[in-house]
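Participant: So the sequences go chain by chain: A and B.
Reading the first sequence from the start, the letters are residues 0 to 370 in numbering that gives the first Met the number 0.
Reading the second sequence from the start, the letters are residues 0 to 370 in numbering that gives the first Met the number 0.
Take these hints with a grain of salt, some might be off.
[Said to hold, decoys possible] Distance windows between CB atoms, simulated:
#, chain 1, residue 1, chain 2, residue 2, range
1, B, 171, A, 78, 34 to 44 Å
2, B, 365, A, 11, 48 to 58 Å
3, B, 329, A, 369, 35 to 45 Å
4, A, 292, B, 123, 45 to 55 Å
5, B, 276, A, 17, 24 to 34 Å
6, B, 95, A, 4, 50 to 60 Å
7, B, 251, A, 129, 26 to 36 Å
It is worth saying that the hints were derived from the structure and are not from the lab.
Quick reminder that beta carbons are idealized off the backbone N, C-alpha and C, glycines included.
Protein chains: 2
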Amino acid sequence: MVSEVYLRRLEKCGALMKAARLDALLLTKPANMFYLTGDGRLCAYAMITQSGEVALGVPRTDVEDVKALAHFDRIAGFEDEVGMIHSIAHHFDDFGIRRGAIGLEYTYLTQSMMAMVTHPHAKPDDVTVKDCTPIMSELRIVKEAREVASVRAAAKVAEAGMKAAVEFATPGVTESQVAGAAEHALRNAGAEEFWRTYVSSGPRTNIAHGLPTLRKLERGDMVMIDIHPIVSGYSADICRTVCVGKPTADQRAAYTLYLEAQQATIARARAGVGMVELEQTLHGVLKQAGHGDHIFGPPMHGVGIEFEESPLPPGHAFFHGEKAPPPLEANVVIAVGNCGLYLGRWGVRVEDTVVVSADGSEVLTNYPRRL
Amino acid sequence: MVSEVYLRRLEKCGALMKAARLDALLLTKPANMFYLTGDGRLCAYAMITQSGEVALGVPRTDVEDVKALAHFDRIAGFEDEVGMIHSIAHHFDDFGIRRGAIGLEYTYLTQSMMAMVTHPHAKPDDVTVKDCTPIMSELRIVKEAREVASVRAAAKVAEAGMKAAVEFATPGVTESQVAGAAEHALRNAGAEEFWRTYVSSGPRTNIAHGLPTLRKLERGDMVMIDIHPIVSGYSADICRTVCVGKPTADQRAAYTLYLEAQQATIARARAGVGMVELEQTLHGVLKQAGHGDHIFGPPMHGVGIEFEESPLPPGHAFFHGEKAPPPLEANVVIAVGNCGLYLGRWGVRVEDTVVVSADGSEVLTNYPRRL
């Protein structure tokens with residue numbers, strides 16, 4: 000992508016850094032590095048100054064590859080961890096940063112990674128550190144047209160993956176094989192990657208994070224399939240619940256209710272509406288039907304470079320660390336239907352990726368919604 | 000699995016905790032929870048006391064599922080993050096832990112997760128925290144017979160995945176599709192899950208962490224395929240490099256050299272040998288041939304519940320946070336061949352999972368090693 004895009008993002012980033020009194024960011028989270036430079040990878044870092052200069056550090060094996068992909072001003076190849084620490088010190092020196100404050104990703108860095116990037120041989124003593132998660136969220140929350148186009152492409156691929164999984168979900172196959180059918184289809188339909196696939200069946204549809212097992216599908220089982228392809232660096236998020244064979248009246252009623260809650264929430268999504276209001280809408284329909292005790296997890300979340308990102312309703316900080324987000328704006332992308340309806344013996348969930356506009360929203364994942 | 004296994008592990012854990020003056024562990028890393036209780040999942044925690052009592056906290060949706068899988072003494076279902084924090088406080092109270100020290104996973108917890116589990120409403124003020132990574136590594140490093148059997152099963156599945164990928168690696172298909180062929184075969188061969196697949200081709204085989212892209216394979220390309228299935232909770236790790244069509248003399252020479260280095264290292268692995276010595280063996284062959292500047296990353300690492308775990312050679316703490324490990328013992332499982340030979344235009348890597356014994360080692364991943 001042309002550097003102009005990154006220069007614009009870096010300029011906006013610099014303004015937010017100035018307001019937060021941060022002299023630089025030291026990023027190691029691939030999604031954030033990808034957003035600001037065009038390349039995000041493991042075992043690498045990006046130092047971003049307030050004036051928009053970018054210094055990268057990558058394994059020395061990767062220097063040429065990164066040069067072809069990233070927008071940057073300086074690049075250092077390191078050969079090991081000691082080299083990485085020294086290259087960070089070198090960049091601090093080059094930028095003349097000897098005091099002040101830098102931003103680190105508190106929602107990404109483990110304690111031990113933190114110790115590494117703030118090592119006395121890396122960071123000048125008089126430079127303090129602060130969380131820069133809110134800055135990166137604010138930058139990434141409203142999508143540019145090119146970003147929406149990529150999510151749209153990922154949503155098409157997600158539909159192909161869901162079709163393959165649903166068709167494969169027959170008695171005797173394992174949850175893992177259903178996941179495999181989805182993933183194989185995602186890659187063949189043009190996904191370069193995908194986030195972890197969730198497939199659960201029977202009683203396992205009642206758990207919050209149903210990673211696939213070797214459980215074999217049985218007639219009458221509910222099957223919950225949640226997939227997240229990545230296309231051109233952007234994700235889509237779709238979940239469907241289907242029944243193996245003919246659903247019971249109870250299963251049908253629960254499904255219909257959840258779908259009603261999800262659709263009511265999507266109908267409400269537009270610029271100016273808050274995540275809390277959307278959460279209340281989805282929960283409201285379920286609570287109204289007496290299911291206040293049968294829901295778990297945030298009912299919606301942002302979608303972009305990551306399949307779960309800002310905005311999130313407040314109160315779900317453990318794995319996300321986000322603050323309460325501002326009201327939705329046009330071109331925010333969210334997934335609606337992330338909390339399930341868990342009835343004990345089984346659960347249902349229907350989730351779609353939706354792009355918000357000034358006067359409504361558009362659903363990007365359109366695989367049929369039926370048991 | 001029978002609780003006896005967990006009781007034995009918990010007893011050993013208690014002894015290590017006592018030596019480290021820790022009154023309890025508060026674990027959130029699924030791999031560690033799985034080892035000590037038989038169940039590890041996202042959005043959950045396990046509190047382990049010195050006397051081997053286990054208190055779990057899981058989403059309330061998951062309580063019945065966990066009850067059927069885990070060894071535990073107490074269990075709390077929570078409905079959200081506030082509930083989780085309060086349930087932690089409740090367990091502290093139940094166990095009568097009001098002061099002293101607890102162990103946390105500094106190599107797993109992000110800054111924001113750390114803030115959560117040490118929240119004043121969760122943890123008594125007079126309880127201090129310390130890293131318990133060394134304890135969990137020491138516990139998990141030597142595998143029980145049942146664990147080796149699971150890695151062995153995963154290694155068989157890995158061979159099936161590699162076969163599918165290598166056969167699919169033909170001109171015109173994408174790296175992502177090669178990964179898809181491998182993953183699909185892993186799931187059909189009995190893997191319940193797999194860790195992220197790495198497939199790189201052509202010039203991309205020169206980078207350290209070659210996640211798949213939409214690059215299409217061309218005749219003459221090197222293709223590097225690194226896969227990690229999970230069977231019964233245990234992983235295997237295999238990497239092969241193949242050439243699309245007939246390799247050049249240079250490609251053949253580099254491959255032969257790397258294979259020589261890898262095989263020399265495997266030949267050296269036995270109880271009593273240190274990771275540093277193995278590292279020097281592998282690096283030694285490559286350096287001897289003038290390639291000291293063409294290697295990157297730790298040449299070996301442990302394999303078990305995680306595909307990359309303890310032991311690691313010292314000096315690779317950034318993403319692992321490990322201290323230098325003791326000499327190998329029988330029934331330590333390692334992957335040998337994790338550092339590549341990176342020659343600029345392309346690279347090669349051959350990696351196998353190996354179980355160490357008193358007088359040698361056994362290679363568990365036996366897919367043919369040829370370009």
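Participant: Next step is simple, just say for each hint if it's right about the structure.
Facilitator: Going down the list of hints, with the structure as the test:
1. 171(B) to 78(A): 34 to 44 Å: Distance hint for residue 171(B), residue 78(A) holds at roughly 35 Å.
2. 365(B) to 11(A): 48 to 58 Å: 54 Å, holds
3. 329(B) to 369(A): 35 to 45 Å: 56 Å, violated
4. 292(A) to 123(B): 45 to 55 Å: Violated, since residue 292(A) and residue 123(B) (Cβ atoms, about 30 Å apart) do not stay within the stated range.
5. 276(B) to 17(A): 24 to 34 Å: 52 Å, violated
6. 95(B) to 4(A): 50 to 60 Å: 58 Å, holds
7. 251(B) to 129(A): 26 to 36 Å: Violated - the Cβ-Cβ distance for residue 251(B) and residue 129(A), about 53 Å, lies outside 26 to 36 Å.
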